[in-house]
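Residues 1 to 164 (this note's numbering) make up the sequence shown, in order.
What you were told as hints is all true, and nothing was included just to trick you.
Think about it this way: if two alpha-carbon atoms lie no more than 25 Å apart in a straight line, the pair counts; the simulated DMTMM-like pairs of lysine to aspartate or glutamate are:
(1) Lys136 x Asp80
(2) Lys45 x Asp57
(3) Lys45 x Glu55
(4) Lys136 x Glu146
(5) Lys136 x Asp63
(6) Lys136 x Glu68
(7) Lys45 x Glu26
(8) Lys45 x Glu128
(9) Lys136 x Asp12
(10) Lys136 x Glu87
(11) Lys136 x Asp150
(12) Lys45 x Glu125
(13) Lys136 x Glu55
(14) Lys45 x Asp113
(15) Lys136 x Asp13
(16) Lys45 x Glu114
(17) Lys45 x Asp20
(18) Lys45 x Asp112
(19) Lys136 x Glu26
(20) Lys45 x Asp97
(21) Lys136 x Asp75
(22) Lys136 x Asp57
(23) Lys136 x Glu125
(24) Lys136 x Asp147
(25) Lys136 x Glu88
(26) Lys136 x Asp20
(27) Lys136 x Asp97
(28) Lys136 x Glu78
(29) Lys45 x Glu14
(30) Lys136 x Glu14
(31) Lys136 x Glu98
(32) Lys45 x Asp13
(33) Lys136 x Glu66
I should point out that these hints are in silico values taken from the structure, not numbers from a laboratory.
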Amino acid sequence: MNFQRQVSHALDDEHRTNLDLLGRIEQAFARAPRTGASRDPDLAKVAASFARHLEQDVNRHFDFEERELFTRLADAGEGDIAELLTEEHAAIRAVADEMLPLARAAAAGSLDDEGWNALKVGALEMVERQVSHIQKETMALLPMLEDLLDEDTDRELAFAYAAA
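Could you put the whole structure together from the sequences, leaning on the hints where they help?
Structure below.
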């Protein structure tokens, strides 16, 4: 889709970047062996990217949407979609909280086989949840923002998101 609003465009760009990363995570972890994964430097690099994503991207993105966008949606009569996306954020955050220490340990090369298997299962769950969530936002939230935000609000929110 080609979005005209700066906020929609920024979120869409971030979604595309995250989908690329999630695809790499899915491929790497789906192929990861049940034992010995901790000795694979390529898996350690993917785990490090996953940890950075969990630390930096998830909460920043979700906090902005919940604080700045979902309240506006609810005020405009679109509270159902805002509530659904907020519930999905909570579910994704719960998985992210479990995965972050495992991803950090994997990146540092200090995760045992049991931990790698837990990381593998959790990472694949995280990928599934996030891809589905991104699709909903791309198909529902972003087009709504195109109609909801005026130029001044769009510019103000785009600056606030870039500064966060």
